[in-house]
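> What follows is the residue order along each chain.
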Amino acid sequence: MAKGDPGGTTRSRRAAPRSKKGTAGDPELVQLLTPDGERIDSVTGPDGTEYRVDFTDEEYRGLYRDLVLVRKLDAEATALQRQGELGLWASLLGQEAAQVGSGRALRTQDMAFPTYREHGVLYCRGIDPIMPLGLFRGVDQGGWDPNEFKFNMYTIVIGAQTLHATGYAMGITMDGKTGTDDGEAVIAYFGDGATSQGDVNEAFVWASVFNAPLVFFCQNNQYAISEPLERQTRVPLYQRAAGFGFPGVRVDGNDVLASYAVTRTALDNARHGQGPSLIEAYTYRMGAHTTSDDPTRYRIASEVEAWQAKDPIARVKAFLEKQQIADAAFFAEVDEQARRESVHLRERVLDMPNPEPVTMFDHVYPNGSPLLDKQRAQFSRYMESFEGSAH
Amino acid sequence: MATETLTIGKALNTGLRRALENDSKVIIMGEDVGKLGGVFRITDGLQKDFGDQRVIDTPLAESGIIGTAVGLAIRGYRPICEIQFDGFVYPAYDQIVSQVAKMHYRSGGKLSIPMVIRIPYGGGIGAVEHHSESPEAYFAHTAGLKVVTCANPQDAYVMIQQAVASDDPIVFLEPKRRYWEKGQVDLDAPLSEAYPLHSARVVRPGTDVTVLAYGPMVRTCLEAATAAAEDGRELEVIDLRSLSPLDLAAAYESVKRTGRAVVVHEAPSNIGLGAELAARITEECFYSLESPVLRVTGFDTPYPAARVEEEYLPDLDRVLDAVDRTFGW
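So the sequence lines, in the order shown, correspond to chains V and Y. Here the first sequence stands for residues 52 to 442, where the numbers follow my numbering. Here the second sequence stands for residues 126 to 454, where the numbers follow my numbering.
Any given hint could turn out to be false.
[To be verified] Calculated lysine-lysine pairs in the DSS-like style (CA-CA distance at most 27 Å, straight line):
(1) Y:K235 x V:K228
(2) V:K228 x Y:K150
(3) Y:K150 x Y:K173
(4) Y:K235 x V:K425
(5) Y:K173 x V:K228
(6) V:K201 x Y:K235
What the hints contain is simulated information worked out from the structure, not anything from laboratory work.
Could you put together the complete structure from these sequences and hints?
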């Protein structure tokens, strides 16, 4: 296990004795790629699990492409909000590696339960990035069929989706879909702030006692809007898992390789019937909580700069260059693809039509409601009364 | 025809058994619903016969019960969640109001959450605090939820099955002090031909005053109607059955004949179901009314100590007092 600052190099490949003390910010973590782009072959986690990745050059380049694309699309959405085209945006800036690493670790049959910031995971599931933008533009509720995409709708109430993920995972067990290589598993995303929610703690209890095939993936981005980690916890978050009876591990969330390795192992354990686990992806929210937030009111520039040096994309680029896995033409081609896709996204956002007002009455109940039928009819008559007049 | 005399509790139990038999995706989850059969024994014997994968004793956390049931519903199950008592539902309030109720809407109609949330409600059993409340207005006020309540064994047996079969999320309120009341239940009548779930029913015809009630107050109002008849007044008693959506066609027709309406519920009056009923009846029956719509309800206090609940709860005399007052205008 790599000890010390995540920027340092590994000093041991043997399992390090677990520190029983430690603070919420204790930087022990699993790392396979240093901020300088140095590869670490393998790391042994706190429970003796060995983490390693064995990617082809093409796969390394693919991860880089994912990281650049999700950052660019995210930046485009932020720009769209600034120009008044979106009502709100929750940027993932800084968390690309945690999301791409965990998202690519999912197998086709796995189910994901996101918060409202998992745009990178959504992208890795092969889902059109336009899909959640209706919610942020305010033209719909952002909904889709979770089962069609194996990706639940965004959930804004903090932590609520962890219980949904747990129930879904219980259903997998009830369906007899664990215990084999093609078994199913679930990943539940949430943040450091969410760990204080009752729902998240209840999800831990349920998942534990029902041995649910579930990975709790906590992106500890250090802030819950303005509140630092110390306001949520006085122990490292991953250590909470022990109290609930399942393993916990902290990974360098700015390291896409380690995020992938740790998540893939946890998901495969779950699908084989070994129950839940908690991953704390130690990362940093480089931007604001949402476009409505002003982080300069509660954190200092030097802290942001220190994390800038641990950028999740720069280290992959440095690695690809050092290992001569990619050349300048490749990097230029990826940048060009990102530019094209973001322009395409922008054009489609601007083309999103406003809904007809009467559609607000649709889909309240699968079986409808006479009350809504009456209100819809009254509303329609009222709207029609304006037709032909310049109201 | 297999007609049996059952209590409301046993009728619910039998209805749940039928629901489990009819659809392998139906599951029951809650606190103590397994070996114990629930604190009111409504799930008695079901875990023994259907196994602990279908009748699931959950950890003791209400938000967890409803939240995991949402996930199971996404997975294709049809969960029936038992909340042990009315006053214990509030930890699950966020999951019910922000998640269960809105999932279909948020998904643009692509996802349904076919969940039944059973809650024993109401007072009259001499219980300690949090065991006697009437929270129906909280749920009836929430778009995306439907709310029903039964008042007799036949309805208990049929309505619980209809609720389970519905794709709408339904809060199913059970009048706990009436659990032990008996009545004839036709066990063989096909569900498809049953009286519709979200329809009110005239349970006693009358000509002088329309009395609207539901759940535990239906019996109280029927007793009041018997007493009133001895005094020469004929009350028409309507069991609303569905609190959201409300079915008021029969009520409007009735009030247009009687010109007088009294609404009765255990829940406090302020911003309660009675206010909605009074407003709608006034809108629809304004020119027929001889009197304002009157409400007989619990008071706007927290549910009081058991030794004074008889005075808190609407009873026969308070209903008759309101009936008298409708003739005072």
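> Hint by hint, note whether the structure agrees.
We went through each hint and held it up to the structure:
Restraint check for K235 (chain Y) and K228 (chain V): satisfied, since their Cα atoms lie roughly 24 Å apart, inside the 27 Å limit. With a C-alpha separation of about 15 Å, the suggested pairing of K228 (chain V) with K150 (chain Y) holds against the 27 Å cut-off. With a CA separation close to 17 Å, the supplied pair K150 (chain Y) and K173 (chain Y) stays within the 27 Å bound. For the given pair, K235 (chain Y) sits about 23 Å from K425 (chain V) by alpha-carbon distance, which is consistent with the 27 Å threshold.
Of the supplied pair hints, the one linking K173 (chain Y) and K228 (chain V) holds, its CA atoms being roughly 24 Å apart against a limit of 27 Å. The straight-line distance between the Cα atoms of K201 (chain V) and K235 (chain Y) is roughly 14 Å, inside the 27 Å bound, and the hint therefore holds.
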